[in-house]
Amino acid sequence: MPVESVFPRLEALLPHVQKPIQYVGGELNSTVKDWDACDVRWALMYPDAYEVGLPNQGVMILYEVLNEREGVLAERTYSVWPDLEKLMREHRVPQFTVDAHRPVGAFDLFGVSFSTELGYTNLLTALDLAGIPLRARDRGVDHPVVVAGGHAAFNPEPIADYIDCAVIGDGEQAVLEITEITRAWKAEGRPGGREELLLRLAKTGGVYVPGFYDVEYLPDGRIARVVPNRSGVPWRVSKHTVMDLDEWPYPKQPLVPLAETVHERMSVEIFRGCTRGCRFCQAGMITRPVRERSITGIGEMVEKGLKNTGFEEVGLLSLSSADHSEIGDIAKGLADRYEDDKIGLSLPSTRVDAFNIDLANELTRNGRRSGLTFAPEGGSERIRKVINKMVSEDDLIRTVATAYGNGWRQVKLYFMCGLPTETDDDVLQIADMAAKVISKGREVSGSNDIRCTVSIGGFVPKPHTPFQWAPQLSAEETDARLEKLRERIRADKRYGRSIGFRYHDGKPGIVEGLLSRGDRRVGDVIRAVYEAGGRFDGWREHFSYDLWMECAERALAPHGVDVDWYTTRERTYEEVLPWDHLDSGLDKDWLWEDWQDALDETEVEDCRWTPCFDCGVCPAMDTSIQIGPTGKKLLPLTVVNK
Amino acid sequence: MQRIRLRYTKRGRLRFTSHRDFQRAFERALRRAEVPMAYSAGFTPHPKVSYANAAPTGTGSEAEYLEIALTERRDPEVLRRLLDESLPDGLDVVDAVEAHTSGFADRLTASHWELRLDGVEPEEARKAVEVFLAADSVEVRRQTKKGMRTFDTRAAVASLEVAPTGSDRPGDGPCAILRLVVRHLTPAVRPDDVLSGLRATADLAPPVPAAVTRLAQGPLDEETGTVTDPLAPDRDATPAATVPDGTA
Ligand code: B12
Ligand code: SF4
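Those sequence lines, one after another, are chains A and B. Numbers given in this note's numbering equal positions in the first sequence, counted from 1, plus 1463. Numbers given in this note's numbering equal positions in the second sequence, counted from 1, plus 3.
In case anyone wonders, no lab produced these hints; they're calculated from the structure. Honestly, I wouldn't trust all of these hints.
Said to hold, decoys possible - No farther apart than 20 Å at their CA atoms in a straight line, the calculated lysine to aspartate or glutamate pairs in the EDC-like style are these:
id, chain 1, residue 1, chain 2, residue 2
1, A, Lys-1770, B, Asp-195
2, A, Lys-1899, A, Glu-1939
3, A, Lys-1767, B, Glu-37
4, A, Lys-1899, A, Asp-1968
5, A, Lys-1805, B, Glu-164
6, A, Lys-1767, B, Glu-30
7, A, Lys-1899, A, Asp-1942
8, B, Lys-51, A, Asp-1803
9, A, Lys-1805, B, Asp-195
10, B, Lys-130, B, Asp-92
11, A, Lys-1956, A, Asp-1968
12, A, Lys-1496, A, Glu-1514
13, A, Lys-1899, A, Glu-1825
14, A, Lys-1482, A, Asp-1858
15, A, Lys-1970, A, Asp-2027
16, A, Lys-1715, B, Asp-78
17, A, Lys-1715, B, Asp-98
18, A, Lys-1767, A, Asp-1821
19, B, Lys-51, A, Glu-1775
20, A, Lys-2096, A, Asp-1887
21, B, Lys-130, B, Glu-37
22, A, Lys-1770, B, Glu-88
23, A, Lys-1770, B, Glu-164
24, A, Lys-1770, B, Glu-142
25, A, Lys-1482, B, Glu-88
26, A, Lys-1770, A, Glu-1727
27, B, Lys-51, A, Asp-2043
28, B, Lys-51, A, Asp-1858
29, A, Lys-1482, A, Glu-2004
30, A, Lys-1848, A, Asp-1677
31, A, Lys-1767, B, Glu-88
32, A, Lys-1482, B, Glu-225
33, A, Lys-1666, A, Asp-2043
34, A, Lys-2096, A, Asp-1858
35, B, Lys-149, B, Asp-92
36, A, Lys-1496, B, Glu-75
37, B, Lys-51, B, Asp-92
38, A, Lys-1970, A, Asp-1858
39, A, Lys-1805, B, Asp-87
40, A, Lys-1666, A, Asp-1683
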């Protein structure tokens, strides 16, 4: 069956839409392969606007890993904005890839990357535009197999009806395995149709096929059990873990878009996983154990990446970048190498300790020292013990003193509101902390021209974390608490004017909470919202809380549950959680103990520097911590053939 | 310091590149090609690039111009090839000369455009063009950044004709191709203003948006009504002895 480019038809629509460049592809380092020379073809999607999706590392990595293989082709697709969606429907232009503008419906596999749950309605839009039946059970042998991945896939139950399968954990090896199984099945003439392919995937134990599991409920609405409905399907599905990052130096050729995106820099992932053990952090829990890329591996990736892209800034990315065992040498080595080339270096996600100021100084050697960001997350010492964010107020003040003393003028502090056991007082202490920061800053800098911005958002309990049992704070209570904090800051005559206050209201968090800890019944809510026009839920200007609440009320009523039941209700030890059959390696009993420790305000150390505390991941997944130091240094790059 | 003037294109799907997008892509290409750029002074130094009169987003072009300043000498042709390889296909660097003259931007006094009107019979277009050219003035109104403005499109048009339709165009059905030379005035009259003018005077209403391409821009030869090469003065002024080359 010949597959034609839809570009000529799309082109006629582009003069009528905003930022048409995002739909034309042609990015530097993108790949277009011969359709007929490949026997397994993937369409990969980041279900958000191009400007957010293009820089996504996950998709970029899988795109390159797949395209490097003989006979395998991968193209990318992103969510189209409503203006183009409307025209595409009018003119019957299907969801297309930006690489060769092929219709998504023509591919064998449709991989969708969910870093957040807020992409679910966009998934439905894309399926519908692609002409793929929304419900997996309505699909035939010629429809693509829809594969979900990314962090949100660790609880894919809310989208269980709409995806064919989900992969949890690292995707590099998993997509290659899926490719091989698909290739063999196609070569044999697709025996047993779609179902047989899914069964072969499920039997690996590393691909979750929701359709092969039945969920039984108790009269009170809780889940009784989740059981495989055919033989050969495992009771639990395991996550994937890539063990030697130096062997997977992707992306080697990062995509460089023409359009402007939210992330205008090259990223190098310096390690995966985090064992700091912050109890609210799903990313930290599900990506264990820590696996470092070596200092030399990092140096090579930066060097090649800059050559291949021409970016002016490199982000050293991870969940807590200052924790790399050789971060000091990495920062200094890179700063030395690129001092003359006007290349900026940045570390996202830094912790609050004085060491990070030295790092920040290194990274901004000849640049401007504008702002530093820290995330104490909790306003009081007590709540920080609850969430296991081990940083004392003294630490923080000492750190900011060093920062202001080194010429920094602006400090941004990130917090959460609605943490388990939190009271108004815990949150109001944020104002005191900010005031102390300003006071210290004025003292050490001898200037009144310094600022501290407090940025605060609502906490959403996530699956596979110790807080998966916790009640979420209602939107009204969240807003009331934030209002009190705002008042407190405003009332501060001495420091209030130097303190910026940025907050997110509680409503979007409730929808995120519903989707994060939802089960299959929540799927009807997503569909209803989509059908009522819900799109781009991560965007303030598109998100509608009222729409979600109306749809949820209607869709959940027949099941005898409601939004509060999913969000503000505390779960008990016995409850079967919707994601229990998805194995992140974390021992459920360990998570429960950690939840109890949280309530007792007991902290737990990091297993990188203290003995293993038996979270369960390493033995369950047959993995181990991989960290340096290697003792190596980054040598200056020799200038050749100039 | 050496200054080099470049002509580049926006072809095919990359005509949807906005000017800002192009600037970013070009600065990255300069880095990849390791061009020894001169930088502006200040807190956030920028490579010295000046752009002239960029075509609007969605408009194709065979003739966009810019000038860069280098701290070391390079052979213009070597540099052109390097940059061309460094930019995505469609953003092609097609000409390069060392700047020996000043007032380059002032030489760009007119543009030569091609407008492909799908779904329009050439005969219908020919009649509309006749009516348009016969008029003394053809006013159209358009919203600009400074509010609603009125433009006399007739006065800006140096020439307008219907070109023979080639056989290589995509799709079937009728198609008319207009060739248009417009003077660069302030406020600028754009090809789509001329199309509005054709609609106003002769009811020419293409069913789909026109595909517009700038074929050339440069000095207008008032006698022939043609646009000439704006780089010619630099080319002519090039000293006979050529610069060693770019591998210095
Ligand atoms: C860079 C970054 C950003 C950037 C770029 C985002 C982007 N489009 O990529 C910006 C600044 C824009 C951003 C924004 C946000 N981010 Co962010 N971000 C990160 C960061 C630091 C790196 C992400 C990354 O590239 N990881 C590395 C890649 C390789 O991992 P990956 O994408 O998960 O992909 C792997 C697997 O998941 C899997 N996989 C992925 N997709 C698929 C698909 C298939 C089919 C398969 C089989 C496998 C698979 O394979 C990949 C390779 O192994 C992470 C922290 C971290 N280190 O992960 C936070 C993080 C992902 N962000 C987070 C959040 C909350 C956000 C925001 C919602 C913040 C906000 N409140 O606005 C927004 C959401 C924007 C959006 N709609 O996506 C959270 C997610 C929380 C969670 N899951 O519980 C994280 C984990 C940080 C944290 N600790 O809180 N972010
Ligand atoms: S199993 Fe032990 S060593 Fe491995 S991540 Fe968990 S606590 Fe750390």
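Okay, the hints, checked on the actual structure:
1. A:Lys-1770 to B:Asp-195: It is violated: about 40 Å lies between the C-alpha atoms, which goes past 20 Å.
2. A:Lys-1899 to A:Glu-1939: 29 Å, violated
3. A:Lys-1767 to B:Glu-37: 14 Å, holds
4. A:Lys-1899 to A:Asp-1968: It is violated: about 26 Å lies between the C-alpha atoms, which goes past 20 Å.
5. A:Lys-1805 to B:Glu-164: 51 Å, violated
6. A:Lys-1767 to B:Glu-30: 18 Å, holds
7. A:Lys-1899 to A:Asp-1942: Distance of about 25 Å is beyond 20 Å: violated.
8. B:Lys-51 to A:Asp-1803: Answer holds: B:Lys-51 to A:Asp-1803 is near 17 Å, not above 20 Å.
9. A:Lys-1805 to B:Asp-195: 42 Å, violated
10. B:Lys-130 to B:Asp-92: 38 Å, violated
11. A:Lys-1956 to A:Asp-1968: This hinted pair is violated, its Cα atoms lying about 25 Å apart.
12. A:Lys-1496 to A:Glu-1514: 24 Å, violated
13. A:Lys-1899 to A:Glu-1825: With a Cα-Cα distance of about 26 Å, the restraint between A:Lys-1899 and A:Glu-1825 is violated, given a limit of 20 Å.
14. A:Lys-1482 to A:Asp-1858: Violated. A:Lys-1482 to A:Asp-1858 sits at ~46 Å, over the 20 Å cutoff.
15. A:Lys-1970 to A:Asp-2027: 13 Å, holds
16. A:Lys-1715 to B:Asp-78: 31 Å, violated
17. A:Lys-1715 to B:Asp-98: Outside the cut-off at roughly 32 Å; violated.
18. A:Lys-1767 to A:Asp-1821: 27 Å, violated
19. B:Lys-51 to A:Glu-1775: 16 Å, holds
20. A:Lys-2096 to A:Asp-1887: 49 Å, violated
21. B:Lys-130 to B:Glu-37: 53 Å, violated
22. A:Lys-1770 to B:Glu-88: 13 Å, holds
23. A:Lys-1770 to B:Glu-164: 47 Å, violated
24. A:Lys-1770 to B:Glu-142: Violated, at roughly 52 Å.
25. A:Lys-1482 to B:Glu-88: 25 Å, violated
26. A:Lys-1770 to A:Glu-1727: With Cα atoms ~16 Å apart, A:Lys-1770 and A:Glu-1727 stay inside 20 Å; holds.
27. B:Lys-51 to A:Asp-2043: 58 Å, violated
28. B:Lys-51 to A:Asp-1858: 45 Å, violated
29. A:Lys-1482 to A:Glu-2004: Roughly 17 Å separates the two Cα atoms, so the pair holds.
30. A:Lys-1848 to A:Asp-1677: The hint is violated at about 39 Å.
31. A:Lys-1767 to B:Glu-88: 17 Å, holds
32. A:Lys-1482 to B:Glu-225: 37 Å, violated
33. A:Lys-1666 to A:Asp-2043: Status holds; Cα separation ~18 Å.
34. A:Lys-2096 to A:Asp-1858: At roughly 30 Å apart (the allowed maximum being 20 Å), A:Asp-1858 and A:Lys-2096 break the hint.
35. B:Lys-149 to B:Asp-92: 36 Å, violated
36. A:Lys-1496 to B:Glu-75: 40 Å, violated
37. B:Lys-51 to B:Asp-92: 24 Å, violated
38. A:Lys-1970 to A:Asp-1858: With Cα atoms ~33 Å apart, A:Lys-1970 and A:Asp-1858 exceed 20 Å; violated.
39. A:Lys-1805 to B:Asp-87: 23 Å, violated
40. A:Lys-1666 to A:Asp-1683: Given that 20 Å is the threshold and the Cα spacing comes to 33 Å, the pair is violated.
In summary, the numbered hints that this structure violates are 1, 2, 4, 5, 7, 9, 10, 11, 12, 13, 14, 16, 17, 18, 20, 21, 23, 24, 25, 27, 28, 30, 32, 34, 35, 36, 37, 38, 39 and 40.
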